[in-house]
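**Student:** Required output: the full structure, derived from the provided sequences and hints.
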Amino acid sequence: MPQFDASTFASQIFWLAVTFVALYFVMARVVVPRIAEVLEARRRRIETNLEKAAALKKDAAAALAAYEKAIGVASEQARGLIAEAGARIAETAARQEAETARKLALQIAQSEAGIARAVSAAMAGVRGAAAEAAADVAHRLVGEQPDRAQAEKAVDAALKSGV
Amino acid sequence: MAQASPLAQFEIKPLIPIKLGGLDLSFTNSALFMTLTLMAVVAFLVLGMRRRALVPGRWQSMVELSYGFVGNLIRDTIGPEGRSYFPLVFTIFMFVLFGNMLGMMPYSFTFTSHIAVTFAMASVIFIGVTILGFAKHGAHFFSFFLPPGAPMFIAPLLIVIEIISYLSRPISLSVRLFANMLAGHTLLKVFAGFIVSLGAFGVVPLAFVVALTGLEFVIAFLQAFVFTILTCLYINDALHLH
Chain A
1 MPQFDASTFA SQIFWLAVTF VALYFVMARV VVPRIAEVLE ARRRRIETNL
51 EKAAALKKDA AAALAAYEKA IGVASEQARG LIAEAGARIA ETAARQEAET
101 ARKLALQIAQ SEAGIARAVS AAMAGVRGAA AEAAADVAHR LVGEQPDRAQ
151 AEKAVDAALK SGV
Chain B
1 MAQASPLAQF EIKPLIPIKL GGLDLSFTNS ALFMTLTLMA VVAFLVLGMR
51 RRALVPGRWQ SMVELSYGFV GNLIRDTIGP EGRSYFPLVF TIFMFVLFGN
101 MLGMMPYSFT FTSHIAVTFA MASVIFIGVT ILGFAKHGAH FFSFFLPPGA
151 PMFIAPLLIV IEIISYLSRP ISLSVRLFAN MLAGHTLLKV FAGFIVSLGA
201 FGVVPLAFVV ALTGLEFVIA FLQAFVFTIL TCLYINDALH LH
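Chains as they are written, first to last, in the working numbering: chain A, 1 to 163; chain B, 1 to 242.
Derived from the structure by calculation, the hints contain no laboratory data. Careful, some of the hints might be misleading.
What the hints assert, rightly or not - A short, non-exhaustive set of chain B residues, derived as facing chain A with CB atoms under 8 Å:
1. Ser-26
2. Ala-31
3. Thr-35
4. Leu-38
5. Val-46
6. Phe-95
7. Ile-115
Built from N, CA and C at the ideal position, the CB exists for glycine as well.
**Tutor:** Dropping the structure here:
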């Protein structure tokens, strides 16, 4: 078997040592640092990207929170304004209503006074005319001119009982 | 050559005779394939990484895959302090793997099928690991030969067994690789010889040879892996004792 031919051992071991040591130095000096560098660069890149993404996500969350807070404040304010406006409108309406009611009451009172005056004037007119008519009627029937005061008294009595 | 014995493929032939003192250090076919392995490994790793791409292509992926494979192996067997042994372990793995794979080419030579080569590698690993163990733990390294928790009365027996098992490490490490390569290549050659001698029935050994070739590729990878993982385990033993 060629494997046990001791005369080849020295050469085999010598060249094994030469090639293996050469390969080891190329590995340790060139290959391994280069691969490690590429892998490290990739790892760092991924890491920084992940960090960036996390920071952006945090920013987005903060922006969302601020937005929601602003919305909350604004809707609170809007509710306040609505309530205030409602109160003001109600107050104005009440005031105007009271004003109108007061004016109407005044007008009613004035109108009633006018009516009362007209009624009493009319009544006075009616009384005079009635007394005159009564005196006239009495004159025609009796041929005697009744006293004016007497006729008025009779009309008064008649009005009182008639009304 | 094709009609030669199945062992003829393992013959070492000097290509450039070199004599140094009384030693024959000729550049042989074995040395040629060691050199080719060296160049193939360097070309594979250096050219694969020449772009240093952030997103690797196919070739760079293969380089990173082999780097990560050995890296994981070291992390799993030795732990974080195994990092400093990475260049050595990576060199062992790539050297044995490419040596085995180049040996799968027809008419090539498999230098890992020689006990002188595998035993030299295994001895260097064994001696290096032993020195590492003593440098790290001093005389305490001898406690490695007595498993913790063992009853004292069987200690003499255990220590003898442990020492024998420790000393047989370079033998088992080198013989495993050498014998696998030797047996596989011899078997391929034997079946290949049958193809011609059986005439029309030669298709049967031909099918065997095709199947065996696939198996041999698996073994070529597996033996490189086993050699590497055992190296890692030995380093781990030296660093952590048990």
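**Student:** So which of the earlier hints does this model not fit?
**Tutor:** none
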